[in-house]
Amino acid sequence: MNSLPPGFILILGAFLIPFLKGRARQALILALPCLSLGHLLSLPSDHIVTAQMFDYQLAPIRVDKLSLVWGYVFHIAAGLTALYSVHEKNSLGHVAGLSYAGSAIAAAFAADWITLFVFWELTAITSVFLIWARRTKRAYTVGLRYLLIQVGSGVILLAGVLIHVSQGGSLLIHRMGVDSLGGKLIFLAFGIKCAFPLLHNWLQDAYPEATVSGAVFLSAFTTKLAIYALARVFPGTEILIPIGITMTLFPILFAVIENDLRRVLAYSLNNQLGYMVVGVGIGTELSLNGTAAHAFAHILYKGLLFMAMGAVLFRVGTVKANKLGGLYKSMPWTTVFCIIGSLSISGFPLFSGFVTKSMTLTAVSEAHLAIYAVLLLIASAGVVDHSGIKIPFFAFFAHDNGHRVKEAPLNMLLAMGGAAALCIGLGLYPAPLYKILPYPVDYAPYTVSHVVNSLQLLLFAALAFGILWRTRIYPPEIDAINLDTDWIYRKAAPPVVVAIGRVCAAIHKAVVGTGAQLGKAVLGGLEKTHAPPGVMGEPWGTGATSLWAAALLGFCLMIYYL
Amino acid sequence: MATSDSPNEPPRSDSEGPSTEAESSSQPFLDRTSTHNAIFYILAGLCVGLFAGDALYHKHTHFEFEGWFGYYAFFGFFAYMGIVFIAKALRTVLKREEDYYGE
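Chains D and C supply the protein sequences, listed in that same order. Counting the first sequence from 1 gives a position; this note's numbering is that position plus 573. Counting the second sequence from 1 gives a position; this note's numbering is that position plus 1.
Everything labelled a hint here was simulated from the structure, so no lab data went into it. Nothing here was measured: the structure is a model prediction, and the numbers come from that model. Careful, some of the hints might be misleading.
Claimed, not checked - Distance condition first, Cα-Cα at most 20 Å in a straight line; then the derived DMTMM-like pairs of lysine to aspartate or glutamate:
| hint | chain 1 | residue 1 | chain 2 | residue 2 |
| --- | --- | --- | --- | --- |
| 1 | D | K896 | D | E1111 |
| 2 | D | K710 | D | D1015 |
| 3 | C | K96 | D | D1057 |
| 4 | D | K893 | C | D55 |
| 5 | D | K896 | C | D55 |
| 6 | D | K896 | C | D100 |
| 7 | C | K89 | D | E980 |
| 8 | D | K896 | C | E98 |
| 9 | D | K896 | D | E939 |
| 10 | D | K594 | D | E661 |
| 11 | D | K893 | D | E980 |
| 12 | C | K89 | D | D833 |
| 13 | D | K893 | D | D1052 |
| 14 | D | K638 | D | D1015 |
| 15 | D | K893 | C | E98 |
| 16 | D | K893 | C | E104 |
| 17 | D | K1064 | C | D100 |
| 18 | D | K1064 | C | D32 |
| 19 | D | K710 | C | E99 |
| 20 | C | K89 | D | E661 |
| 21 | D | K896 | C | E65 |
| 22 | C | K89 | C | E99 |
| 23 | C | K96 | D | D833 |
| 24 | D | K893 | D | E1111 |
| 25 | C | K96 | D | D1059 |
| 26 | C | K60 | D | E939 |
| 27 | D | K1093 | C | E98 |
| 28 | D | K1101 | D | E1111 |
| 29 | D | K902 | C | D100 |
| 30 | D | K710 | C | D32 |
| 31 | D | K1064 | C | E99 |
| 32 | D | K710 | C | E104 |
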């Protein structure tokens, strides 16, 4: 069992789901993440498995402190999401979700580029079915776009790896720079999956179109796998700091004016990734610990928020902010869990975000990057808006739109409850999380300064919302979308491509047309001389033939003697 | 900007509309205007307390400006306001109809 890559039990086991029915099927769905976690825990630490493929030395499994953080939290996320979705009758979502989770886990433990590439692509291929499972025309189109970009990231990764290896680089994954072409391409491939600025829009395009549980699965794995890959290969790469800062800031503005609450969460996810990217860019032990801890906490609270909005979508049929409101009366438990997720993401003391995000912020301050520290603080105020206030406020309170629905199903509530308990548990007692981080932790989140300053920031931001809301200055939720970079390939590029196609067609027509006319002229000429009425077309008499044959033979004879 | 036909109704203030005490008391607790006002004023009270609290402890800072009195309070308030106003301005440029992409 030690040579079985972590996550394989999920990938293979998922394909048994369609063959079972009823309770047995539900039991399998819930058992697979547990079995897979059991397998991971049974592996010795600092364990590496190598394999020979042709002339290449591969290493499909590397268990160390960095990969274990992601291994643990990916399993927790897979387990909670499996519980959240266990009531769903259709097998497609279960198979896609669990094999996707397994692929991401296997990728996190891959220690060579080929294995990473295989699972990198497998996460793309399995996860697109979480969007297509919605079975609408729109989901189909969005899924195609998502798949193109995700598979494209894998192809760029492979190109980078091939160049890296052809220039004498190792097939084993280790730290590298962005100076070489191979390094640049690998960095770009990671950047696409990590939703770097301008490469980000697949995320906001695709996640809100996924199924109820599909979006919960999606929120956990792809982007955090990319964060892991960055932390593994590019720690201390300084360009990541401004990239990460930009990621924390820009999505906030879009989140404020977005009406679809699952899209708000997608923008917010993008913003949270920014903190992790900054942590990787600084590259100190504290900042890398911060990235790992934040990824761990983030997967749980972001999953929780997606679960809460999924429950609303499941019961009400929409997550448009202007169509919701007053749901706390019908879905009180979901409301409470959602608020716990909101407090966690905002970094409220006693909740998980407080003990993890601050590690990165402290690392930025310790590196004396004053401007970046200020910008990250602005982003933290933004998080209060989009995830801290907007999500729970517009869904469950605000203006009552009269929806009287049932509370979310029990399994959804249990999954949300589990995630919420972990959010509070990590906030109250972060020691177990700090213990599994890649480097020794010498960090105390609960100092008077930190608690008071955080409360000041958060409550004054909330006060600002209160004033803007009461004075009706706060931008209203309306039926509208906002342009983002996907405008380039959804609106601007298609007419250009069509125009280029038209020009090509015209050139093709002109060339083929001219060729046809030319051919016709030549053939017409030949027909005149070589068809029956023409000189060459008439059959010759026997005498004339033998005369010409004799003349030809005579001519050859003359040449021979000459 | 769709400020004129706002579909979100901010809570009515006491000075306007038919929100009398008698009507309010028949509504669920969290729907009452009086509750909304109470929440807002409690929040404001907490903020005042936290602001004043800056005088009571030694602030651990990395940068000089962090030590300014009420720095985080001002920062939270104005950063939030700034974000909302920039986002509002951005909406005037980026807003499109829902079927803009025709999907």
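Going through the hints against the structure:
1. D:K896 with D:E1111: violated (88 Å)
2. D:K710 with D:D1015: Given pair K710 of chain D, D1015 of chain D is violated - Cα atoms ~52 Å apart, limit 20 Å.
3. C:K96 with D:D1057: Holds, because 10 Å separates the two Cα atoms, which is no more than 20 Å.
4. D:K893 with C:D55: violated (40 Å)
5. D:K896 with C:D55: With a Cα-Cα distance of about 42 Å, the restraint between K896 of chain D and D55 of chain C is violated, given a limit of 20 Å.
6. D:K896 with C:D100: holds (17 Å)
7. C:K89 with D:E980: violated (34 Å)
8. D:K896 with C:E98: holds (16 Å)
9. D:K896 with D:E939: With a Cα-Cα distance of about 45 Å, the restraint between K896 of chain D and E939 of chain D is violated, given a limit of 20 Å.
10. D:K594 with D:E661: OK: K594 of chain D and E661 of chain D at ~12 Å, within 20 Å.
11. D:K893 with D:E980: holds (18 Å)
12. C:K89 with D:D833: holds (16 Å)
13. D:K893 with D:D1052: holds (8 Å)
14. D:K638 with D:D1015: Holds, because 17 Å separates the two Cα atoms, which is no more than 20 Å.
15. D:K893 with C:E98: Answer holds: K893 of chain D to E98 of chain C is near 14 Å, not above 20 Å.
16. D:K893 with C:E104: Since the Cα atoms of K893 of chain D and E104 of chain C sit roughly 17 Å apart, the hinted pair holds (cutoff 20 Å).
17. D:K1064 with C:D100: holds (12 Å)
18. D:K1064 with C:D32: With a Cα-Cα distance of about 43 Å, the restraint between K1064 of chain D and D32 of chain C is violated, given a limit of 20 Å.
19. D:K710 with C:E99: holds (16 Å)
20. C:K89 with D:E661: Distance ~40 Å between K89 of chain C and E661 of chain D Cα, so the pair is violated.
21. D:K896 with C:E65: Violated - the C-alpha atoms of E65 of chain C and K896 of chain D are around 47 Å apart, more than 20 Å.
22. C:K89 with C:E99: holds (18 Å)
23. C:K96 with D:D833: Roughly 13 Å between the alpha carbons, so the hint for K96 of chain C and D833 of chain D holds.
24. D:K893 with D:E1111: Given pair K893 of chain D, E1111 of chain D is violated - Cα atoms ~85 Å apart, limit 20 Å.
25. C:K96 with D:D1059: holds (14 Å)
26. C:K60 with D:E939: Within the cut-off at roughly 16 Å; holds.
27. D:K1093 with C:E98: violated (55 Å)
28. D:K1101 with D:E1111: holds (12 Å)
29. D:K902 with C:D100: It is violated: about 32 Å lies between the C-alpha atoms, which goes past 20 Å.
30. D:K710 with C:D32: Given pair K710 of chain D, D32 of chain C is violated - Cα atoms ~39 Å apart, limit 20 Å.
31. D:K1064 with C:E99: Holds: K1064 of chain D and E99 of chain C sit about 14 Å apart, inside 20 Å.
32. D:K710 with C:E104: Holds. K710 of chain D to E104 of chain C sits at ~8 Å (cutoff 20 Å).
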